[in-house]
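For any residue, its number in the numbering used here is found by taking its place in the sequence shown, counting from 1, and adding 25.
The set of hints was computed from the structure by calculation and includes no laboratory data.
Computed from a prediction, not measured in an experiment: that's the story for all the values here.
Please note that a few of the clues may not be correct.
[To be verified] Below, in silico cross-link-like pairs of lysine to aspartate or glutamate (EDC-like), each with a Cα-Cα straight-line distance of 20 Å or less:
#1 Lys95 to Glu76
#2 Lys57 to Asp28
#3 Lys71 to Glu50
#4 Lys95 to Asp28
#5 Lys95 to Asp85
#6 Lys40 to Asp28
#7 Lys99 to Glu64
#8 Lys99 to Glu52
#9 Lys91 to Asp67
#10 Lys91 to Asp49
#11 Lys95 to Glu52
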Amino acid sequence: MSDHKDMTHRHLRHKLQSLGRRLDELEEATNKLQKSEDELLDLQDKIIQAEGSNSSLLGDVETLRKHLLKIQGKDEE
């Protein structure tokens, strides 16, 4: 019975470590998405300053931003 308990304990510990690694990866991906969102907003500001608010590039930026928000699971308001 003790061997079974040890095996179960090792299995659970391994599973816990695996989940911990996945959470770290998700956190890193979330940080990268946030950085990308910030960069898109910065790019949007630069386009407006350089070309005005009627620039065709703004549509491309908005498309990327909406895609990024969808990936993040944020609702578009």
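Against the structure, the hints:
Between Lys95 and Glu76, the direct Cα distance comes to roughly 27 Å. Violation of the 20 Å bound is thereby established for this hinted pair. A hinted pair counts as satisfied when its Cα atoms are at most 20 Å apart, and Lys57 with Asp28 does not qualify at roughly 44 Å. Taking the CA atoms of Lys71 and Glu50, the gap is near 31 Å; set against the 20 Å cutoff, the hint is violated. Between Lys95 and Asp28 the CA atoms are separated by roughly 47 Å; this puts the pair beyond 20 Å, and the hint is violated.
Between the alpha carbons of Lys95 and Asp85 the distance comes to roughly 15 Å, so the proposed pair stays at or under 20 Å and holds. Among the hinted pairs, Lys40 with Asp28 is consistent with the structure: their alpha-carbon atoms are about 18 Å apart, no more than 20 Å. Of the pairs offered as hints, the one joining Lys99 and Glu64 holds, with about 17 Å between alpha carbons and a cut-off of 20 Å not exceeded. With a C-alpha separation of about 16 Å, the suggested pair Lys99 and Glu52 falls inside the 20 Å cut-off, and the hint holds.
Note on Lys91 and Asp67: the hinted pairing holds, with a Cα-Cα distance of about 15 Å set against a maximum of 20 Å. Taken as a hint, the Lys91 and Asp49 pair is broken in the structure, with Cα atoms around 25 Å apart against an allowance of 20 Å. Of the pairs offered as hints, the one joining Lys95 and Glu52 holds, with about 17 Å between alpha carbons and a cut-off of 20 Å not exceeded.
Hints 1, 2, 3, 4 and 10 from the list above are not met by this structure, while the remaining hints are.
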